[in-house]
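Colleague: These protein sequence lines are chains E and U, in that order. Its first residue numbered 577, the first sequence is counted upward by one per residue in my numbering. Its first residue numbered 11, the second sequence is counted upward by one per residue in my numbering.
It should be emphasised that the hints constitute simulated quantities derived from the structure, not laboratory data. There's no promise every hint is true.
Said to hold, decoys possible - In silico EDC-like pairs for lysine to aspartate or glutamate, Cα to Cα no more than 20 Å straight-line:
#1 U:K67 - E:D577
#2 E:K633 - U:E42
#3 U:K32 - U:E64
#4 U:K67 - U:E30
#5 U:K19 - E:D616
#6 U:K19 - U:E64
#7 U:K75 - U:E30
#8 U:K25 - U:E77
#9 U:K32 - U:D91
Said to hold, decoys possible - Non-contacting residues of chain U with respect to chain E, defined by C-beta distances greater than 10 Å in every case (computed):
#10 S38
#11 Q55
#12 L56
#13 S65
#14 L73
#15 R107
#16 S113
#17 V119
Even for Gly, the Cβ is constructed at its ideal location relative to N, Cα and C.
The chain contents come next:
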Amino acid sequence: DSGVTQTPKHLITATGQRVTLRCSPRSGDLSVYWYQQSLDQGLQFLIQYYNGEERAKGNILERFSAQQFPDLHSELNLSSLELGDSALYFCASSATRVSIWETQYFGPGTRLLVL
Amino acid sequence: AQRVTQPEKLLSVFKGAPVELKCNYSYSGSPELFWYVQYSRQRLQLLLRHISRESIKGFTADLNKGETSFHLKKPFAQEEDSAMYYCARTPMDTGRRALTFGSGTRLQVQP
């Protein structure tokens, strides 16, 4: 157990809907990363937050957004869902001090199925 | 663009045989390279990283800058090594350390 938690574990919804995925980082970790794992695109970086602020963006669609709250948990919001958004969404958190020794610890993921 | 290539989707070996999982990366500055492992129904876990030069569970990986490769090796495979293995890279830039993953290789170790 890495100490990173994600809820819910599974989510089934319909096209056009909006969902929110939640991630709680390891105690004290300031950085949260979101990744999407799908059959056709593999594991892709979406977005990073550090201490409440957006730090880096990857292949994140405009329909998707994220935020990190003062208690450091993060939420990934997915809207106007399409069938192709079905995937496993991971979050990862990393050490309190950014350094080249920073290690990302992954959560168990949220499996999203859009019908 | 940063790329990581794992040419094999599946590698099947017998227990006790040597294993080599291939990983090549596109040259872009001085990246840091990692191997992550995902056992069945478990989360991604860091296996090893090139800057620490350590051996975990008998696995080693050497960074070859000339060939831009970071192949994962183990001299004698065990059944419990069966898992998905992902090679990944990140820039050395502290603070922006998003991982770029390869497509993964499934290792099956048969008894």
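Colleague: All hints are to be evaluated individually against the structure, with a verdict given for each.
Modeller: Right, here's what the structure says about each hint:
no.	hint	in the structure
1	U:K67 - E:D577	holds (18 Å)
2	E:K633 - U:E42	holds (19 Å)
3	U:K32 - U:E64	holds (18 Å)
4	U:K67 - U:E30	holds (14 Å)
5	U:K19 - E:D616	holds (13 Å)
6	U:K19 - U:E64	violated (25 Å)
7	U:K75 - U:E30	holds (18 Å)
8	U:K25 - U:E77	violated (29 Å)
9	U:K32 - U:D91	holds (16 Å)
10	S38	holds (15 Å)
11	Q55	violated (7 Å)
12	L56	violated (6 Å)
13	S65	holds (17 Å)
14	L73	holds (14 Å)
15	R107	violated (6 Å)
16	S113	violated (5 Å)
17	V119	holds (23 Å)
Of the numbered hints listed earlier, those contradicted by the structure are 6, 8, 11, 12, 15 and 16.
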